[in-house]
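Top to bottom, those sequences are chains A and B.
For the first sequence, our numbering assigns the number 790 to the initial residue and increments by one for each residue that follows.
For the second sequence, our numbering assigns the number 1032 to the initial residue and increments by one for each residue that follows.
Derived from the structure by calculation, the hints contain no laboratory data.
Please read these numbers as outputs of a predicted model, since none were measured by experiment.
Take the hints with a grain of salt, since some may be wrong.
[What the hints assert, rightly or not] Partial pick of chain A residues on the chain B-facing surface, computed with a CB cut under 8 Å: (1) GLU806; (2) PRO821; (3) ARG880; (4) PRO941; (5) GLY942; (6) VAL947; (7) ALA963; (8) ALA967; (9) PRO972; (10) ILE974; (11) PRO987; (12) THR990; (13) HIS991.
Ideal placement from N, C-alpha and C gives every residue a C-beta, glycine not left out.
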Amino acid sequence: MPEGRKGRTMVLVDIRETPSAKAADIFLQIRPGKDFELATTLRALVKGQHVDAGRVAETGVAVERLQEIVDRMKRARFGVIFFGMGVSMTRGKHMNSAAILSLTAEMNAFTKFVCMPMRGHGNVTGADVVLRWTTGYPFGIDLSRGYPRFNPGEFSTVDLLVRGDNDAALVLGADPGATMPQPGIDHLARIPTIVLDPKVTHTSRLARVHITTAVTGVSARGTAYRMDEIPLPLRPALVSPYPTDEEVIRRIRQAVAAKPAWTPAPATLKGSPYTSDTGRRL
Amino acid sequence: MNAGRTTKQGQQINIGKDSAEYQATVSTVTMHPDDMKAVGIHAGGSVRISTEHAAVVFTCVEGKVPIGMIFVPYGPPTCRLMGRDTDGTGMPTSKGWEVDVEAVA
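Chain A on its own, in the form it takes in the complex (with noise of 0.2 Å):
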C-alpha cells in the first residue's frame, strides 16, 4: 500500500466514544447489546438481502449508513475485522463471535477478508499459539484422559474456578485475583495455590506460595507473540537475581518426576473388581 495509512480506512464500531474513535475514519456508534443484530445486518447487506430499516435503527446505526459500510468492505483488497472482548462478554457472546466469522467467510465471495481477535495485553496470543501447537486448541484444555480435549465452559478457568473442580492451582503471569467473579478469587484462596509472579499482586496475596521470577524481556529472555501472531524475541537487558518462569517450571517438574507416580501399583490392586487375581489390569 503505497499510501500508507492514508491508503486504508479504519471503521470503528463500539457501544461509547474511546480514545479509538481519533484514530478512526468513520466511527459508528451502535446500541448496547446490538452486536449480533449488526453482525446479521451486514451479512444481510453484503448478500443484497432486504432489510427493515426500522428494525435496523434498533442497532443505533441506520441502513444507509450500514449499506455505505458494506460497500466500502466489498471495495477493499484486503479487509481485517478485529474484534474484542466488547463482542464476547456481552449477551450473545458465541453467537456475536459466530454472526463475525459467517460475516468475513461471506466477504470472501467479494474480496480477501480475515477476522482476528483482539487478545490481553502481556503475551495471551503467545499462549493461545504455543497451546494450539501443542495441544491443538487454544485454552480450556484437560488433559487428565492423556489426551487434550477442549471444552470451554467445562475446562475454561472461570467455569473450573466458579464450581470449585480444582483442588490446586498454579497460576504463571496473570492475575485472576483481580479479574475474575467473586467466587471464583474465593476458591483460589481455599485451595493450595501456587503463583509465579514478578510482583506482588491480588493473586500472589491469597497464594498459599508466591516464587518471585524474573521479569521476561527486563531480566530473562523469552518470546513473545504479537496479537497477529509474530513471535517476537526478547533479549533482556539486566540481569535478575530471580530465577526465570522456565526455570522454576524445570524444577518443579524435575522433582515431580522423581516421586512415585500417584496410581496404585498393579500389586495393590489385587482382588479390586478392575484386576486378575494374578494382579494384571482388565
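Once you have looked at the hints, place chain B on chain A.
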C-alpha cells in the same frame, strides 16, 4: 453497566495495583450528566451500585457515555459485581449488566 479496560489502567498496572492511582481508577464509574442528575448524584460523589451478587460503592464522575450506561474500568470492585455464569463460553458476562444505582449521602 459496561466494564472495560482503559489505556490509563494498562499503564498503572506496571506501577502496581496497590498504587492509589490504580485503586482510584477501578473505583470510579463514569455516567452521563443527565443520568447523574436523575439519580441525584453530584460529580465526584459516591454511588452504590448493586447487582444480584453484591453492592459496591464507587466514586462517580461525568463523562462521554450514552444515557443509561455506566462505564467502569475492570478491577477488584467489579469482580464482586460480575456475573459468574459463562453460558458455556468460558467468558463471564462482564459487559452490559443491569444494575441498580443509588446516591450515597
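Outcome of the hint check:
{"no.": "1", "hint": "GLU806", "result": "5 Å, holds"}
{"no.": "2", "hint": "PRO821", "result": "5 Å, holds"}
{"no.": "3", "hint": "ARG880", "result": "6 Å, holds"}
{"no.": "4", "hint": "PRO941", "result": "4 Å, holds"}
{"no.": "5", "hint": "GLY942", "result": "3 Å, holds"}
{"no.": "6", "hint": "VAL947", "result": "5 Å, holds"}
{"no.": "7", "hint": "ALA963", "result": "12 Å, violated"}
{"no.": "8", "hint": "ALA967", "result": "6 Å, holds"}
{"no.": "9", "hint": "PRO972", "result": "5 Å, holds"}
{"no.": "10", "hint": "ILE974", "result": "6 Å, holds"}
{"no.": "11", "hint": "PRO987", "result": "11 Å, violated"}
{"no.": "12", "hint": "THR990", "result": "6 Å, holds"}
{"no.": "13", "hint": "HIS991", "result": "6 Å, holds"}
When the structure is compared with the earlier hints, violations turn up for hints 7 and 11 and for no others.
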